[in-house]
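Novice: Now for the letters of each chain:
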Amino acid sequence: MDKGKFRKRGVDYPIFDGTRTLPGKYYHSEEIYEEEVEKIFYKFWVYACRAEEISSVGDYKLIKVANESLILVRDKSHEVKALFNVCRHRGTQLCDKPKGIFKSKSIQCPYHAWTYALDGKLLNAPLMKEGHGFQKDDCALHQASVHIWEGFVFINLDKNPAPFEVQMEALMGKFTDWKIDELRIAHHLRYELNCNWKLILQNYQECYHCPGVHPLLTELTPVQSAQHDYSKGAVIGGFMDLSKDGGSMTMTGEAAAPSICNVSGDDLKRIYYYSVFPNMLLTPHPDFVLFHHITPLGPEKIINDCYWLFRPEIINDLKAQAGIKSAVEFWDLTNKQDWKVCEQMQTGTKSTRFTRGFYSGREDILYQLDLELLKALGHHNTD
Amino acid sequence: MDKGKFRKRGVDYPIFDGTRTLPGKYYHSEEIYEEEVEKIFYKFWVYACRAEEISSVGDYKLIKVANESLILVRDKSHEVKALFNVCRHRGTQLCDKPKGIFKSKSIQCPYHAWTYALDGKLLNAPLMKEGHGFQKDDCALHQASVHIWEGFVFINLDKNPAPFEVQMEALMGKFTDWKIDELRIAHHLRYELNCNWKLILQNYQECYHCPGVHPLLTELTPVQSAQHDYSKGAVIGGFMDLSKDGGSMTMTGEAAAPSICNVSGDDLKRIYYYSVFPNMLLTPHPDFVLFHHITPLGPEKIINDCYWLFRPEIINDLKAQAGIKSAVEFWDLTNKQDWKVCEQMQTGTKSTRFTRGFYSGREDILYQLDLELLKALGHHNTD
Amino acid sequence: MDKGKFRKRGVDYPIFDGTRTLPGKYYHSEEIYEEEVEKIFYKFWVYACRAEEISSVGDYKLIKVANESLILVRDKSHEVKALFNVCRHRGTQLCDKPKGIFKSKSIQCPYHAWTYALDGKLLNAPLMKEGHGFQKDDCALHQASVHIWEGFVFINLDKNPAPFEVQMEALMGKFTDWKIDELRIAHHLRYELNCNWKLILQNYQECYHCPGVHPLLTELTPVQSAQHDYSKGAVIGGFMDLSKDGGSMTMTGEAAAPSICNVSGDDLKRIYYYSVFPNMLLTPHPDFVLFHHITPLGPEKIINDCYWLFRPEIINDLKAQAGIKSAVEFWDLTNKQDWKVCEQMQTGTKSTRFTRGFYSGREDILYQLDLELLKALGHHNTD
Chain A
0 MDKGKFRKRG
10 VDYPIFDGTR
20 TLPGKYYHSE
30 EIYEEEVEKI
40 FYKFWVYACR
50 AEEISSVGDY
60 KLIKVANESL
70 ILVRDKSHEV
80 KALFNVCRHR
90 GTQLCDKPKG
100 IFKSKSIQCP
110 YHAWTYALDG
120 KLLNAPLMKE
130 GHGFQKDDCA
140 LHQASVHIWE
150 GFVFINLDKN
160 PAPFEVQMEA
170 LMGKFTDWKI
180 DELRIAHHLR
190 YELNCNWKLI
200 LQNYQECYHC
210 PGVHPLLTEL
220 TPVQSAQHDY
230 SKGAVIGGFM
240 DLSKDGGSMT
250 MTGEAAAPSI
260 CNVSGDDLKR
270 IYYYSVFPNM
280 LLTPHPDFVL
290 FHHITPLGPE
300 KIINDCYWLF
310 RPEIINDLKA
320 QAGIKSAVEF
330 WDLTNKQDWK
340 VCEQMQTGTK
350 STRFTRGFYS
360 GREDILYQLD
370 LELLKALGHH
380 NTD
Chain B
0 MDKGKFRKRG
10 VDYPIFDGTR
20 TLPGKYYHSE
30 EIYEEEVEKI
40 FYKFWVYACR
50 AEEISSVGDY
60 KLIKVANESL
70 ILVRDKSHEV
80 KALFNVCRHR
90 GTQLCDKPKG
100 IFKSKSIQCP
110 YHAWTYALDG
120 KLLNAPLMKE
130 GHGFQKDDCA
140 LHQASVHIWE
150 GFVFINLDKN
160 PAPFEVQMEA
170 LMGKFTDWKI
180 DELRIAHHLR
190 YELNCNWKLI
200 LQNYQECYHC
210 PGVHPLLTEL
220 TPVQSAQHDY
230 SKGAVIGGFM
240 DLSKDGGSMT
250 MTGEAAAPSI
260 CNVSGDDLKR
270 IYYYSVFPNM
280 LLTPHPDFVL
290 FHHITPLGPE
300 KIINDCYWLF
310 RPEIINDLKA
320 QAGIKSAVEF
330 WDLTNKQDWK
340 VCEQMQTGTK
350 STRFTRGFYS
360 GREDILYQLD
370 LELLKALGHH
380 NTD
Chain C
0 MDKGKFRKRG
10 VDYPIFDGTR
20 TLPGKYYHSE
30 EIYEEEVEKI
40 FYKFWVYACR
50 AEEISSVGDY
60 KLIKVANESL
70 ILVRDKSHEV
80 KALFNVCRHR
90 GTQLCDKPKG
100 IFKSKSIQCP
110 YHAWTYALDG
120 KLLNAPLMKE
130 GHGFQKDDCA
140 LHQASVHIWE
150 GFVFINLDKN
160 PAPFEVQMEA
170 LMGKFTDWKI
180 DELRIAHHLR
190 YELNCNWKLI
200 LQNYQECYHC
210 PGVHPLLTEL
220 TPVQSAQHDY
230 SKGAVIGGFM
240 DLSKDGGSMT
250 MTGEAAAPSI
260 CNVSGDDLKR
270 IYYYSVFPNM
280 LLTPHPDFVL
290 FHHITPLGPE
300 KIINDCYWLF
310 RPEIINDLKA
320 QAGIKSAVEF
330 WDLTNKQDWK
340 VCEQMQTGTK
350 STRFTRGFYS
360 GREDILYQLD
370 LELLKALGHH
380 NTD
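Protein chains in written order, with numbering that gives the first Met the number 0: chain A, 0 to 382; chain B, 0 to 382; chain C, 0 to 382.
In isolation and in its complexed conformation, chain A is listed as follows (with noise of 0.2 Å):
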């Protein structure tokens, strides 16, 4: 159907005013959110983790994939492996702890011993008779694949993966002015929510909640100024404006640091929001990068961890940590208030009378979202 346009800084954009939003069982329903997991989580490129964070050979760092869960370990090539975290002689988990180092170099299964090396292939099964179904050789560790990027470990549990540019054109040579790979996590605050994973995706794509939602963002950022850039598939973002020259999202709304790099031009009065399909949210500022790791428990439950990333030199300048300091707290505050009414649309959307809801223009980018979304369920319809 013709939906007709409005101008907006001299853009026609089609009016999507009245489009129906998906019915509520797209956040609810047991059944969906397994399907999900299968056919988006266990398909496509996820973010695991920061290579900062097992930098050097033996450090590990547990993830969840909803409900698998890996070990991201660096090996002795100095490679990152995504092992799954299950021993290949009777289904033991190998460790339990969120992080830490391998000190010997290899991991040891707690409960019969069984050893494999970093790379995940098995070094010692003891007793073990080879021979009778049993070859050492085909039981590494399962693995997922992996692709570092800009200093992100994405993985893919797929057994055939797609090719992560393919999904991620839209962020192909986007950020490379921020030399992200280069940055360290200053800050990491972690938040438990109730809501479905989409629901945090949708909030950020959208600033028509600003005004009431976030004042003081609002105060640093003009709505009217929120603008999508051009993005293909899955990863959909676009950027606002700071109302003041050389500030960004802080308390003060001053810079929390000098600008990144080769950060220039309009980016420096930026702030682009980008939703990562299907599970980050990265938000490169001027002076930092800001981005939310999103781990789907279920259907109704998350884990939001959000991270601060920061040049080292300034994490590492005493004088610098009262700018990080702001940064960590505007964005707390703006996080708690997006995540409340986050969960009061996960409550509402369960009452027999929602059926869908309709997106205003300022929410153009939601309906690709879901419109995304339903391709990769196969979904022709959403009854």
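It is worth saying that the hints were derived from the structure and are not from the lab.
A couple of the hints might just be wrong.
Chain A side only, calculated, beta carbon under 7 Å to chain C, not exhaustive [claimed, not checked]:
id : residue
1  : Phe83
2  : Val85
3  : Thr91
4  : Gln92
5  : Ala112
6  : His131
7  : Asp137
8  : His141
Examples of chain A residues toward chain C, derived with CB under 8 Å [claimed, not checked]:
id : residue
9  : Ala50
10 : Cys86
11 : Arg89
12 : Asp95
13 : Gly99
14 : Tyr110
15 : His111
16 : Thr114
17 : Leu126
18 : Lys128
19 : Phe133
20 : Met250
The beta carbon of each residue, even a glycine, is placed where N, CA and C say it ideally should be.
Got chain A; can you put chains B and C on it based on the hints?
Specialist: Below, chains B and C without anything else, positioned relative to chain A:
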């Protein structure tokens, strides 16, 4: 089948001894509960709140009817509205504080600031353009029907509700002498119970359990005096006689207050026990009115809110507080005695060995309640 | 398939290396668990309590068998009865205190005061008239069959139970020298574990895990000494040799008490490990007897009650308390080591990458246990 009869107070009663109860699944099954929600809680008139709780324009109280959250609110015409707590934009729960006042005399969604009048009409949907599938006039908040009887606000979530007077025929004109609409809440206690909602209604309709469970109640109102009123449909009830003239149900057995308004004659020595199917228990005393509001949260979990209504002049009289306190203590004690056995019945009926129990003649009206339930569910047999 | 053989202590054992474990669903699936409850826990003889725990007329102990609550009680003929904890009137749980004494020598329902003899017979149903579908004699409490072996009370919930001696053939006459019926509970510890009940039985039947998991146990009883007894059916077991003459499983390795009664010869240096399928582990030492009572609460949750049995004269001897304490501490330590790996196995086997594990030759008897399980369930394949 002919079950014979027995005489009591000169009346021939059919002998129900040996009539069988419902099978255990009616108290535990998730499926049957869902059916009850749909065919009973979303079809019948259900108790919501007292009119006095939302007496001024903008006053509201949130209530739950099974899985639905509703805003009971006094609108600008001083009418009570029962609005579904779900924004028409994208389904966000509008309000999450249990009660309060909408100071702006409007209801604003916390997410994108859509704003509704107190009667549910959509006043403002910022930036939304009409005419592409969206019409403001079609986007009033969904609402339930409202009927106020004696100061009790009842609502009906069905889109074509049956007349209130048909469902509540047994109550029509029944307690006029109490002028219950003039009474006010003197006290409120909330209980959370692990049992099916029907066990509470059943418990209230037989005094077969009184000698063992309620020694004090049995002293104040002899078990032999228990008698059922003529009643029709799912509203069932009866009364018991006070053993002491001018007494009431209090810790001392003395009246908590002077008798109410026009209460006279036999009613001065009677305690009425009505189960106002499906979610209310109503207990007029000569001197006050007790009632319970049952909110099911699942097949095995309910909230029970218990209220004591007194004349406003009693509530405001410092010298009358001891009487109120004595009534509260008596019923809190008695309630807890009941909850304990209801929860034990809930547990026991889960045994594979429990098929169907046996009703005694003293529990004949419970059998009638079962039949009304099966009728409402459209169950012709219970296997 | 021919798996070959290997020699151990002059005996040819078949090589089981590479035999596959059960698929993960046998540890997690709600459906398979329900099947196990019905076909195993409600069909097989299961351990209930020690006879000493209900030694006098009226003494009772509540136990759970999966979802059923039973009252183990000593009746007036001094026999042990296993009564379903469910009133025949309307299904109320009769008793909710874990243990005690029925002082009235009868069991009265707390709801409507129906009263039963200690052998389950209905003595009194107040006001109930017989002859209209209700007969008192038909309304005794449901009961399970009872068999006492060596002071252990076993019960069977099946209405036509197989003979105890058939299921427990492997135990018949096996531990007579210990006169276990004369022993008494010196200590009891309760553990709540997040794992499937079968993992506990499996854990108890192989010492492949001992070197890594139990350093102290391995010092006291060398792993190489582990050997399986001949056993039939689902009761399986074996023993290990103490490295020290006159030693036992205690923190010091010294015996906790003099050896028991007629225990002699090889038994003075052996620790027996028997899995009394489905819910008991039995571990006779030269000087005491340890046993575990496993109560499943779901596919991934159990209660494990661990008891230490000693001669009564030891329990009453003040000077012997240090020995008892040392035995308790040793097994508490060892238990917790086991529970940790069992819980990690439970978690790991939920991975989609876990299909079936590999048994080593040291785990041959676990494969036998799997076959017995599948036989009990009537599963001809495990897909």
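Novice: Are the hints correct? Go through all of them and say.
Specialist: Structure-based check of all given hints:
{"no.": "1", "hint": "Phe83", "verdict": "holds (5 Å)"}
{"no.": "2", "hint": "Val85", "verdict": "holds (5 Å)"}
{"no.": "3", "hint": "Thr91", "verdict": "holds (4 Å)"}
{"no.": "4", "hint": "Gln92", "verdict": "holds (4 Å)"}
{"no.": "5", "hint": "Ala112", "verdict": "holds (4 Å)"}
{"no.": "6", "hint": "His131", "verdict": "holds (4 Å)"}
{"no.": "7", "hint": "Asp137", "verdict": "violated (10 Å)"}
{"no.": "8", "hint": "His141", "verdict": "holds (4 Å)"}
{"no.": "9", "hint": "Ala50", "verdict": "violated (24 Å)"}
{"no.": "10", "hint": "Cys86", "verdict": "holds (6 Å)"}
{"no.": "11", "hint": "Arg89", "verdict": "holds (4 Å)"}
{"no.": "12", "hint": "Asp95", "verdict": "holds (6 Å)"}
{"no.": "13", "hint": "Gly99", "verdict": "violated (16 Å)"}
{"no.": "14", "hint": "Tyr110", "verdict": "holds (4 Å)"}
{"no.": "15", "hint": "His111", "verdict": "holds (5 Å)"}
{"no.": "16", "hint": "Thr114", "verdict": "violated (10 Å)"}
{"no.": "17", "hint": "Leu126", "verdict": "holds (6 Å)"}
{"no.": "18", "hint": "Lys128", "verdict": "holds (4 Å)"}
{"no.": "19", "hint": "Phe133", "verdict": "holds (3 Å)"}
{"no.": "20", "hint": "Met250", "verdict": "violated (41 Å)"}
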